[in-house]
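Same order as they appear, the protein sequences are chains C and S. In this text, residue positions in the first sequence follow full-length UniProt numbering: the first is 1, and each later residue adds one. In this text, residue positions in the second sequence follow full-length UniProt numbering: the first is 1, and each later residue adds one.
If you are wondering where the hints come from, they were derived from the structure by calculation, not from laboratory data. Wrong hints could be hidden among the right ones.
As the list claims (entries may be wrong) - Here are the simulated DSSO-like cross-link-like pairs (lysine-lysine), alpha carbons at most 27 Å apart as the crow flies: (1) 460/S / 390/C; (2) 236/S / 207/S; (3) 206/C / 177/S.
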Amino acid sequence: MSLFKARDWWSTILGEKEEFDQGCLCVADVDNSGSGQDKVIVGSYKGYLRIFNPHPVKPGDEVQPEDLLLEVQLREPILQVEVGKFVSGTEVLHLAVLHCRKLCVYAVSGTQGNVEHGNQYQIKLMYEHNLQRTACNMTYGPFGGVKGRDLICIQSMDGMLMLFEQESYAFGRFLPGFLLPGPLAYSSRTDSFITVSSCQQVESYKYQVLAFATDADERQDTEQRKLSSGKRLVVDWVLNIGEQALDICVVSFNQGVSSVFVLGERNFFCLKDNGQIRFMKKLDYSPSCFIPYCSVQEGTINTLIANHSKMLNVYQDVTLKWATQLPCIPVSVKVANFQDLKGVIVTLSDDGHLQCSYLGTDPSLFQAPKVDSREINYEEMNAEMKELQKIIREATKTQDILPESEKQRDVTVTAEVSPDLDEESQAIDSEVKAGAVPSITVKITIQSRVAAQKPSLAVCVQAPLAVTCDQFVFDDLEPDSSETVVLSVFLKENCSPPELEGTCIVSYNIPTGIPRVSQCNFSLPLKLVCFPAQPSKAANHKLTIDTNKPPISFVTIFP
Amino acid sequence: IQAAWNLKTRALTEMVYVDEIDMDQEGIAEMILDENAIAQVARPGTSLKLPGTSQGGGPSPAVRPVTQSGRPITGFVRPSTQSGRPSTMEQAIRTPRTALTARPITSASGGYVRPGTASMITNPDGPFINLSRLNLTKYAQKPKLAKALFEYIFHHENDVKNALDLAALATEHAQFKDWWWKVQIGKCYYRLGLYREAEKQFKSALKQQDMVDTFLYLAKVYLRLDQPVTALNLFKQGLERFPGEVTLICGIARIYEEMNNISSAAEYYKDVLKQDNTHVEAIACIGSNHFYSDQPEIALRFYRRLLQMGVYNCQLFNNLGLCCFYAQQYDMTLSSFERALFLAENEEETADVWYNLGHVAVGIGDLNLAYQCFKLTLVNNNDYAEAYNNLAVLEMRKGHTEQARALLQTASSLAPHMYEPHFNVAILSEKIGDLQRSYTAAQKSEEAFPGHVDTQQLLKQLKEHFAML
């Protein structure tokens, strides 16, 4: 969510279907041109190494062929590229390329041609190390406080730190309690390595302690020695941050103070040298990468944090200073100086979208898509409106949200039970053992005041009673018409019914298609199911009823 | 193999991760069976349960509509203060004037069944980890695995009980020195409704290590225990430790808003914007605040900013339309509503738009259009009490008293917190001479909104009438 978008200064798309990750982007003056002009070095998981020197004539120009200084395919996937003083005896910058099982250090040099596109660049392998273990990532720096050269530390997938003093392998150490490799950084002020372990803790190991600890290779030899000899690798300090980290950066912009920045999955931490939290910020998005880049104001540090919703946020400590939209989700972000333009933001996405951009106030106004708007013909509209109004008025007359009162019922159904039993019994399939099962006629009348479509009548009585016909379907009813049907009710099964009530239900649609129902009840006489019998004096069972109320005389009950 | 297991656990968790702090809905069962109620009658300004305890500066319901719980509508839907489905923050700028009257969530568990919960996503290969067969003690002793496993159980499987067991074992194994485990135990207790226990855990965790999240969790516990003042103090304490932390300031602002102290809330929302000027919630809340304090032009500017930032949904255009209307920019009003209708995702949103259009129609005097708009509102959402009420007023004008009365009755049964239907019934009955009914309705209206002058006048008038008789 931002008003602004990153202004495109130079951008390109690298290769086809290549994959890139955090370590694949590096920005430095790798060919030692001395002009202080940074080059963009990109390595891909397909093994392509590319070096760019972006210099568009005007911002947003297309990529010129001569911007690509070098493209070589190395045999193995490139995990990480770094630039530093990696070759002994010289302080010029060299390029270190980390493969899965190999570390190579190259010298990059260019020969000037007569014209600009005649310039030639090549890389020369200075030295390489074959690795015993699969590498994950690396960091470099003046370990142990050496002057004028950089040493490399590689973290392997199984938690071993391998240290290289330039052309020679120094030693390897296993990190205690290791499970998965986390990001790794070197702090030159405290001379220690900082990583985030699988315990969700930031851990700091002194270089000194690493150097004197038991050699990892020996330790593997015998279990016995591991326990007895050498010092155990002791952690310098630990800070529990309670989440996994994406990246760690150690920076010191003003003398004397260095800060450890940890980008977690949900929070962003700034730690002091001794592992205390200087400040933290809860992020309400999921970040993808970050870089602390400079200190504009004394005592504060500015940081770029990119996130998965394609935003790049600029923070001064915890205060959001700027937010800008990016065209894609970056996996790595750097700040570079080109030509006469300083502080260009270089971003790389996982599918190889490399962009150099700057922050501009040109708003990327969100353009709401157009709602399809027709040319309005007022006369037609008016006519249509009138038509619709008419329909609405009609509709409001006949129907409403609120139910109408009973007397306005459109369709009424009435049932009439004849006073006498049928002279000729209509009973069919009766299971009653008695000689003649009586039946009674019920006359049902449907009266309709409006047109009713598809009316159907259902009559139901409780078993063991039954009707001769329980379903009737009629043709559509005209307004003010009526239908009458006649049916008979009888006792079907050989037991006494629980009730003598019956229901008839009419369902129909009114002309607008809304289904309606109306119903009525009728009650059947007792003589349908009972025969009169003579009172018996000598009974098997006797029932005596006492009452404190004056009883009704028998004559009233049995006339 | 452990490493791979760990990775997969983390990946699965990440797939469904929802920040627990934003996740909160009080089910109706929890509200009713609240055992934590300590004082039944809270002192003014110390509780969120009495809606009317505003200490000045709070708008009256005549100006700002209230939600069912009697709180003024905020400009932003967030779980637990409004009805609202648990939706992502950015998508949820709620229409003013029409807060969907909160339908209570039917059960305690209902609130936690959210789209993200994986236990509802069927996995073709069966569950990754079979919880019932897990030896929690074994895992608790491996801190590397335990944390990932805990998050998996808690977020992915949504099995709080097992998660709690694991956390309890693990914190014991860590000799109670790991603040992270304490926070997790606190989270579990919170889910299980054991707020006092949760509070203990969070406090203990804070003693070990100050973390923003812990402050937020603890404040949440206090809010649930209905101690907003304690929560406020806690937030302020947190701000001392982490100056400028947006989530903490925002928490303060929300509490003030819920306590009806709108001016303080706006103050804090402005602080939020000073720290993070892309904060959608703060912009929306300040905007709606301006709207209800009769400054639609300023509100319009806030909403326009949201639009420029890329918030593009029905609610925003709804708000824009209303602001335009009240700022007398009629040309923009209808096109905004047109867009809002176009963007409406469900019938409830459509109902909101039609309701607002009805308002506009009333405003410009086109009663026929208004009538139809309110009808359309009801077609889209047939328990929209406000629309029933307004429709009734229109019917009243037409002279259909029976219809009007029925509509008003529906309205008041749907939304007993609104005073308007009662008042309208009172007026209607008074007109047709049914003084007794008028009096009872007026009393109900007064109950819903004690400060309503018209109601009081009507009551007085009726009393005089009765005295004369």
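The hints, checked one at a time:
Between residue 460/S and residue 390/C the CA atoms are separated by roughly 45 Å; this puts the pair beyond 27 Å, and the hint is violated. Note on residue 236/S and residue 207/S: the hinted pairing holds, with a Cα-Cα distance of about 16 Å set against a maximum of 27 Å. With a C-alpha separation of about 24 Å, the suggested pairing of residue 206/C with residue 177/S holds against the 27 Å cut-off.
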